[in-house]
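*Asks:* In case you want the letters, here they are:
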Amino acid sequence: MRYLPHTAEDLREMLEVVGVKSTEDLFGSIPSEVRRDSEIHIEPRSEWRLSREFEEMAAGAPVAFAGAGSCSHCIPAHVTYLASRSEFLTSYTPYQPEISQGTLQAIFEFQTMTAELLGMDIANASMYDGASSLAEAVLMAVRVKKKPKIAVSRLNHPHYLQVLKTYLRPTGFEVTELESLPDGKTDCSALPDDVSALVVQSPNFLGVIEDLKAVAEAAHSKGALLVVSFTEAMAWGLLKNPGSQGADIVSGEGKSFGIPHNFGGPGVGLLTCRKDFVRTLPGRLAGETLDKNGERSFVLTLAAREQHIRREKAVSNICTNSGHNALTAAIYMSTAGKEGLREIAQLNHDKAVYLQKGLENAGFRALFDAPFFNEFVMVAPAGFEKRYETLLDRGFVAGLKLGGFPGYGDPRYKDAYLFCATEAHSREVLDEFFAILKEVA
Amino acid sequence: MTGHPGARGLVFREGLLWERSRKGRVGMSLPERDVPRSELAGDLVGEKPALPELSEVDVVRHFTRLSTWNFGVDTGTYPLGSCTMKYNPKINERLAGLPGFANLHPLTPERGVQGALKLMYELERDLLEITKMHAVSLQPAAGAQGELTGILMIHAYHAHRGRQRHKIIMPATAHGTNPASAALCGYTPVPVQLSPDGIMSPEAVREVMDEDTAGIMVTNPNTLGIFESHIAEIAKIIHEKGGLVYGDGANLNALMGYADIEKMGIDVFHINVHKTLSTPHGGGGPGAGPVVVRDILEPFLPVPRVMKKGDRYELLSDAPLSIGRLHSFFGNFATLVRALAFTRTLGHRLKNVTEAAVLNANYIKARLKGIYNLPFPRASMHECVFNDALQHKGGVTTLDIAKRLIDLGYHPPTVYFPLVVEGALMIEPTETESKADLDGFVEAMKTIAEEAEKNPDEVKNAPQNTLISRPDEVQAARRPILRGDIA
Chain G
20 MRYLPHTAED
30 LREMLEVVGV
40 KSTEDLFGSI
50 PSEVRRDSEI
60 HIEPRSEWRL
70 SREFEEMAAG
80 APVAFAGAGS
90 CSHCIPAHVT
100 YLASRSEFLT
110 SYTPYQPEIS
120 QGTLQAIFEF
130 QTMTAELLGM
140 DIANASMYDG
150 ASSLAEAVLM
160 AVRVKKKPKI
170 AVSRLNHPHY
180 LQVLKTYLRP
190 TGFEVTELES
200 LPDGKTDCSA
210 LPDDVSALVV
220 QSPNFLGVIE
230 DLKAVAEAAH
240 SKGALLVVSF
250 TEAMAWGLLK
260 NPGSQGADIV
270 SGEGKSFGIP
280 HNFGGPGVGL
290 LTCRKDFVRT
300 LPGRLAGETL
310 DKNGERSFVL
320 TLAAREQHIR
330 REKAVSNICT
340 NSGHNALTAA
350 IYMSTAGKEG
360 LREIAQLNHD
370 KAVYLQKGLE
380 NAGFRALFDA
390 PFFNEFVMVA
400 PAGFEKRYET
410 LLDRGFVAGL
420 KLGGFPGYGD
430 PRYKDAYLFC
440 ATEAHSREVL
450 DEFFAILKEV
460 A
Chain C
1292 MTGHPGARGL
1302 VFREGLLWER
1312 SRKGRVGMSL
1322 PERDVPRSEL
1332 AGDLVGEKPA
1342 LPELSEVDVV
1352 RHFTRLSTWN
1362 FGVDTGTYPL
1372 GSCTMKYNPK
1382 INERLAGLPG
1392 FANLHPLTPE
1402 RGVQGALKLM
1412 YELERDLLEI
1422 TKMHAVSLQP
1432 AAGAQGELTG
1442 ILMIHAYHAH
1452 RGRQRHKIIM
1462 PATAHGTNPA
1472 SAALCGYTPV
1482 PVQLSPDGIM
1492 SPEAVREVMD
1502 EDTAGIMVTN
1512 PNTLGIFESH
1522 IAEIAKIIHE
1532 KGGLVYGDGA
1542 NLNALMGYAD
1552 IEKMGIDVFH
1562 INVHKTLSTP
1572 HGGGGPGAGP
1582 VVVRDILEPF
1592 LPVPRVMKKG
1602 DRYELLSDAP
1612 LSIGRLHSFF
1622 GNFATLVRAL
1632 AFTRTLGHRL
1642 KNVTEAAVLN
1652 ANYIKARLKG
1662 IYNLPFPRAS
1672 MHECVFNDAL
1682 QHKGGVTTLD
1692 IAKRLIDLGY
1702 HPPTVYFPLV
1712 VEGALMIEPT
1722 ETESKADLDG
1732 FVEAMKTIAE
1742 EAEKNPDEVK
1752 NAPQNTLISR
1762 PDEVQAARRP
1772 ILRGDIA
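Keeping their order, the protein sequence lines are chains G and C. Residue 20 is where the first sequence starts when you use our numbering, and the numbers rise one by one after that. Residue 1292 is where the second sequence starts when you use our numbering, and the numbers rise one by one after that.
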């Protein structure tokens, strides 16, 4: 049968070597009281029927003018092609360095480029996604500072804050939420004393670029670490990186680098820090060394931090991460390169400004007069809610409706929508969207 | 072909990415600038990140060469114990890449994502059918996050009942992530004595179980590859004192069609889809670690949950006892697509998967018995554990055996794990290895055993055929070099 290679003759010979009469006899150690009493009721499908059923479920994706943690980006064909090579795809965590140098060197290159992008000393080999990366960043800050209090900006992605709370709930750590200022930035004036970390996202959930230098000063003046989170890695192709502005730990989502939406997952969590925190950094690390013949080699290193060595004393329980997507991101970063990434990032900003102008012409108004990268909040004209549905029927996700989104119950967000445009939205598509917007008014 | 599959071949040298870099190259066509440029304020704009500057051909050659230094399941036999490195079907990749899935924005309104929600719902039904449990969450992004989810639910359950507990029972045959997941929730792991036959006895569990203990974390079959035959009684002991049973499902490949997870008395159980359900591991992930639960834990499942109302699918977020959210969105959807493709290809034949996996492990065990030492000779399920005790005379260790296997064309088994066996060699062939491939592996292991006796240096100097050999891991940890110098 398809993935099962044994013929009847193989089975007979093998059972004889094992010394049993039938395969059933191999399960004698499972007592009857825990035996399954029925067959598995799932009908097998041929490849072609399976394809038909899945194609039916994959019924087409609308054009999304929404980001909020998952932005549309162009993916060069060779990025996907290279990442699909089965030597990368079908290998395990690189425990045996002699036959895993491909993965190990690629991780080392990923770590190097990620650290460079964010202006930080070191990066790990990735986390599950941006949200879990933030949770681990905060746990790490507490390990460094040893104070069980954390301050978080309310302008972090609401889902990331929810994941953080899930991770922190059993620890009993105290979380203070910082409010936003009228300009859409975080108000750090109420930062309490005695916190291990101040957690700020930039550009924040509402798209506004935070003044990280001022935020870092506020954190450091209270003896706290600044943890910077982000959902749009592309922003760092253009903006001043967090490391140059005083961030101590930087975590975020890297799926913008060659990884499609995939209905939200998997992405790739990026996690970087200052080098003095390396022994509290969770996750895998690839390091450079020499082999017995003096050749440059790469190995997984500093395993003493990890669960398979220290068990309950490990800095985290993470084992599987998002290695293959880290590889994809590395291929993407090296493909765009220094000049390409700047140009793509600039294009993101340009498209977003173009979208904002088009929306203004259609009667929307910007909620904040603040600089943004590729996302921004607009207050919709009366009656837009119905048009939003019509636009969806016409193949467009016209932004993310903020009213009702977790954490945005405030009346000022009632008719507010978070929009995103990127290099993946051609002028043609943007103009078509404006035309339909007018048509359904 | 004669001899072992490992052979000398054409191995290219390849430097670091940035050693190919030349100022001014870009490896992709940039999207058209079809709108006016809008400058951001100068004080917001930073230096360009010093990424390497390469052509597309540079990038393609670089990563293609790197790939040739890797061993994957498509390369050959990969009997890495407890990792279940089975063949990854190609159709699954095509289906996960369907544009309607790949390009679907996660915050598209529900009525625009009915197909994706249906897929998740269908996979949930299959996982419940395979395990016989009551409810499920697909959200955890990996097995270890599934464990964390399970322990968070146990924590929330005790909190809801009004009294938190502080300890959790941890057999020595647990996966390494188990104690770390428990510690994240503030629980102290309590060890439980292992019987001479390699499993837990109800008496040993009774001795350590008390009303301050939140529950137990059981891997079944355990990491010795042995079924915990007293599981139902052990669960009863835990339940009687108000505790809960966590089942580590990393070894589900040994159970499909044969065991009933609920009847084992397990309250929450995670499934490593990148193991049992064949989704590729990608050199370190992504995986997915759905959890299935018994009815008493359903209210604590993470949100959002997929619900079916009539013929429509909805995402339910309103669950007051839920532990909350664990993923940026709904879990590793693309990985879950592959998992459903696997369950739907095999269907009820998943039972045959388990049969072949267990037969293959027992076949290897029978053929290597006496040549390698078998510390726990009890009946094996889908993996078996040997050690290097018989090879010590010539000074050959488990590590040497592993490295020599590489020269002979096989990925080594898991080594030095589980910790309860000194010098462990944990072999898990999986169901997709043919008899011929298993025989090849057995012959290679026999060759090494002979060499260990007659020519131990051959083994100790291995591998000889690889790009690099025996990298200095001590130096790597003592003076860590964790990034290169692009500029």
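It is worth saying that the hints were derived from the structure and are not from the lab. Every value quoted in this text rests on a predicted model; they were computed, and no experiment measured them. A virtual CB, placed ideally from N, CA and C, is assigned to each residue, including glycine. Be a bit skeptical, because a hint or two may be false.
What the hints assert, rightly or not - Reference listing, derived: stretches of chain C covered by chain G, where coverage requires no fewer than 3 residues with Cβ under 8 angstroms from a Cβ of chain G:
# : stretch
1 : 1336 to 1349
2 : 1394 to 1401
3 : 1517 to 1525
4 : 1565 to 1575
5 : 1680 to 1691
6 : 1737 to 1749
*Asks:* Please write out, lowest number first, the hints stated earlier that are contradicted by the structure.
*Replies:* 5, 6
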